[in-house]
Amino acid sequence: MVPKNAFQKHIELEKRVLKLKAYSERSTLNKIEINDKKIGFITSGVSYLYAREMYPQASFLKLGMTFPFPSELAREFAKKVKKIFVIEELEPYMEEQLLLAGIKFKAKDPSFRVGELRPEDIPDIVKGKVRKYVPQTSRKAVMCPGCPHRSVFSVLKKLRLTVTGDIGCYTLGALAPMQALHTCLCMGSGVTFFEGFKKVLGRDVVGVIGDSTFVHSGVTGLINLAYNQTKGLIIILDNSTTAMTGNQPHPAVGITIKGEPTKKLILEDLCRVCGADNVDVIGAYDIKALEELVKSRVNADALSVIIVRTPCRLIERTKLKPPVLEETKCKKCYLCLGLDCPALRKDENGLIKINGKFCVGCNLCVNSCPAQALRKNE
Amino acid sequence: MNKSQTINVFFCGTGGQGVLTAAEILGQAALLEGYHVKKSEVHGMAQRGGSVESHLRFGKTVYSPLIPQGGADFLVSFHKDESTRLKEILRPGGEDLTGYIDKGAHLEQGAKYLNTYLLGVLSERLPIKENNWLKALEAAFKNKNLKENIAVFQKARKEVRLS
Ligand code: SF4
Ligand code: SF4
Chain A
2 MVPKNAFQKH
12 IELEKRVLKL
22 KAYSERSTLN
32 KIEINDKKIG
42 FITSGVSYLY
52 AREMYPQASF
62 LKLGMTFPFP
72 SELAREFAKK
82 VKKIFVIEEL
92 EPYMEEQLLL
102 AGIKFKAKDP
112 SFRVGELRPE
122 DIPDIVKGKV
132 RKYVPQTSRK
142 AVMCPGCPHR
152 SVFSVLKKLR
162 LTVTGDIGCY
172 TLGALAPMQA
182 LHTCLCMGSG
192 VTFFEGFKKV
202 LGRDVVGVIG
212 DSTFVHSGVT
222 GLINLAYNQT
232 KGLIIILDNS
242 TTAMTGNQPH
252 PAVGITIKGE
262 PTKKLILEDL
272 CRVCGADNVD
282 VIGAYDIKAL
292 EELVKSRVNA
302 DALSVIIVRT
312 PCRLIERTKL
322 KPPVLEETKC
332 KKCYLCLGLD
342 CPALRKDENG
352 LIKINGKFCV
362 GCNLCVNSCP
372 AQALRKNE
Chain B
21 MNKSQTINVF
31 FCGTGGQGVL
41 TAAEILGQAA
51 LLEGYHVKKS
61 EVHGMAQRGG
71 SVESHLRFGK
81 TVYSPLIPQG
91 GADFLVSFHK
101 DESTRLKEIL
111 RPGGEDLTGY
121 IDKGAHLEQG
131 AKYLNTYLLG
141 VLSERLPIKE
151 NNWLKALEAA
161 FKNKNLKENI
171 AVFQKARKEV
181 RLS
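Chains as they are written, first to last, in my numbering: chain A, 2 to 379; chain B, 21 to 183.
So the derived list for chain B, only partly shown, Cβ under 7 Å to chain A, looks like this:
#1 84
#2 88
#3 89
Calculated from the structure, these hints are not laboratory results.
Ideal placement from N, C-alpha and C gives every residue a C-beta, glycine not left out.
With the hints as extra help, turn the sequences into a complete structure.
Structure below.
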């Protein structure tokens with residue numbers, strides 16, 4: 002909208018908000034339910050259901066329309082009940098509306114402004130308590146056996162690089178024992194954080210981002226890297242799918258969401274036109290070649306992109322034989338466990354065991370063993 | 021258990037175990053039986069083996085879609101670690117079905133039928149008629165090994181009755 006129209010339209014918008022306020026005051030979306038007059042709840046949505054569950058006999062002002070806030074209706078409700086509690090998740094929006102209208106209520110403890118509410122929180126809010134619930138640590142998620150991301154991270158970790166990361170399965174590289182990914186904010190930040198980190202640290206930084214995330218919002222960051230004449234290395238972890246959310250295709254896969262073939266975006270061409278000086282495509286499992294390539298690019302005076310292209314294990318399901326483990330050679334250094342492969346574990350006696358059902362024979366652990374206790378099964 | 025009281029079933033396990041399917045089937049069976057039903061799912065990183073929970077509540081009128089802590093009548097777990105972590109959801113006197121995981125892991129049809137096996141065990145404890153269970157199973161497994169699923173379900177029911 003051009004500025005002149007925007008000014009006029011904004012005034013109309015403000016008038017409309019006043020009309021909506023009048024509607025909110027009399028709408029059947031907002032209703033008063035009077036039962037026990039000693040206790041009244043002002044609430045909406047799922048919070049109403051929790052309060053109703055725990056206090057079935059209480060009185061309620063249930064709001065189906067919270068903006069504009071029906072303050073006159075709330076005033077009417079307040080006259081009918083003795084004590085008022087506001088049950089809402091997160092920010093105290095309704096509480097603030099009551100404060101503005103000068104309606105008295107019992108405020109919830111600020112600890113209830115964080116996270117979702119649960120039914121058992123309602124009695125604690127009423128009693129003025131602090132929140133008891135702290136989320137329990139849940140099962141740790143882990144990359145699949147043979148995941149191509151694991152190979153890449155094993156290299157980045159070995160080279161002790163600072164890694165700016167992004168959102169996808171590979172974010173799991175941040176967890177112990179891997180701890181090879183050091184930042185994660187939003188989609189695209191693997192590239193844009195790289196730019197900032199590179200400016201500050203000067204060297205030994207690499208940005209990583211998945212293929213679908215790159216298409217979604219990494220490409221703008223790469224254009225900026227070129228435009229700002231930043232030098233350094235971005236790695237696109239191209240497993241040819243959107244794995245984390247359940248294997249959806251994306252423009253660089255060449256298949257539509259309906260499973261039909263379509264125009265395929267060529268990532269290497271895209272990176273070049275964005276201004277990358279070097280674009281290499283390499284597989285994930287040749288660790289030595291990958292290490293050499295990363296070393297040659299990371300601190301070079303050029304903007305480089307390495308596309309590590311190996312399909313997700315949920316697409317490529319063929320398995321090779323598990324490595325051979327020679328127990329007598331094992332030094333119990335447990336370097337192999339640093340890969341966090343679900344197929345490898347230490348048993349009760351401290352011996353390394355390979356789970357033949359899980360192992361896909363990627364041989365990454367063979368590479369990690371300094372004592373040659375793990376050997377490729379040819 | 022009478023029909024007016026709300027029955028709370030808490031399902032938990034890890035991604036890919038069929039936790040959500042099991043809750044869906046119970047929800048469907050309870051709907052067919054004429055109950056008011058609410059279901060709520062909690063999952064994070066389920067694709068990568070993360071934890072999955074489902075709250076299933078049915079009765080005359082159900083308000084909260086989540087089971088209050090200490091309010092579950094049944095804990096149906098697919099993974100022992102998850103039971104240990106989440107067992108506080110059970111009410112005093114509520115029943116923990118974790119012990120059935122081992123029995124369901126050795127089915128001749130294969131370990132992937134664990135969800136149907138546990139449903140069979142649970143079904144014997146709930147006021148829902150057999151034909152409604154079967155209809156719900158049929159809706160869920162129409163093209164996916166329906167015969168095997170029904171066989172596992174009936175086997176579990178029989179075992180419970182004999183024990
Ligand atoms: S890396 Fe090799 S020597 Fe070290 S614990 Fe593993 S198998 Fe044994
Ligand atoms: S070869 Fe080693 S790293 Fe690869 S899947 Fe098997 S146990 Fe895991």
